[in-house]
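Throw the hints in and build the complete structure from the sequences for me.
Counting from 30, one number per residue, gives the positions in the sequence shown under this note's numbering.
To be clear, the hints were calculated from the coordinates, so they are not data collected in a lab.
Source: prediction; values computed, not measured.
If a hint is listed, it holds; no wrong ones were tucked in.
Think about it this way: if two alpha-carbon atoms lie no more than 30 Å apart in a straight line, the pair counts; the simulated DSS-like pairs of lysine-lysine are: (1) K179 - K114; (2) K114 - K44; (3) K141 - K158; (4) K141 - K75; (5) K158 - K112; (6) K44 - K179; (7) K165 - K179; (8) K75 - K165; (9) K112 - K75; (10) K165 - K112; (11) K158 - K179; (12) K165 - K114; (13) K114 - K75; (14) K44 - K112; (15) K112 - K179; (16) K158 - K114; (17) K158 - K75; (18) K165 - K44.
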Amino acid sequence: MGTGKSVVGQIVSEKLGLSFLDSDHEIEEQTGLSINEIFTEFGEEKFRELEHSFVVEGHESEGNLISCGGGLCIAQGMLEQLKEKGLVICLWASPETILSRTQADSNRPLLKVDSPLAEIERILAQREKRYLAADKVLSTDNRSIEQVAKLVVEFYSAQTS
30 MGTGKSVVGQ IVSEKLGLSF LDSDHEIEEQ TGLSINEIFT EFGEEKFREL
80 EHSFVVEGHE SEGNLISCGG GLCIAQGMLE QLKEKGLVIC LWASPETILS
130 RTQADSNRPL LKVDSPLAEI ERILAQREKR YLAADKVLST DNRSIEQVAK
180 LVVEFYSAQT S
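Encoded structure:
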């Protein structure tokens, strides 16, 4: 949420010759509903089920870079399943950075609350332990999209050579 996963993922996939898949976009295509509509009509749990299903079974098993929602790895065993399929790189940002990047976006169902900064802090605190278990954690604070993409490419190349 607000760390640049989708934009960085597109750049990195082009540089590495991989297919780029954004789980949110793919879920919207499959269901014909926006992420906002899924959250509103069916709740976060249903969205996480759809996301899990897509990541585990909804695409070719090789040659992909997949941008997953930040809450995906929270489900028991999900991070391990992701790691079985490939490298897991977590893009991190401070709560303040996330808020500044997302506050104008009305399509953020988890931030439709009275205090978005407090909600971001709560979400990050809940997820931090799982995020730190990724193969690599990269801060996007004070870095351009291009700088973050370069770091991802360097890490990927070092791990796969």
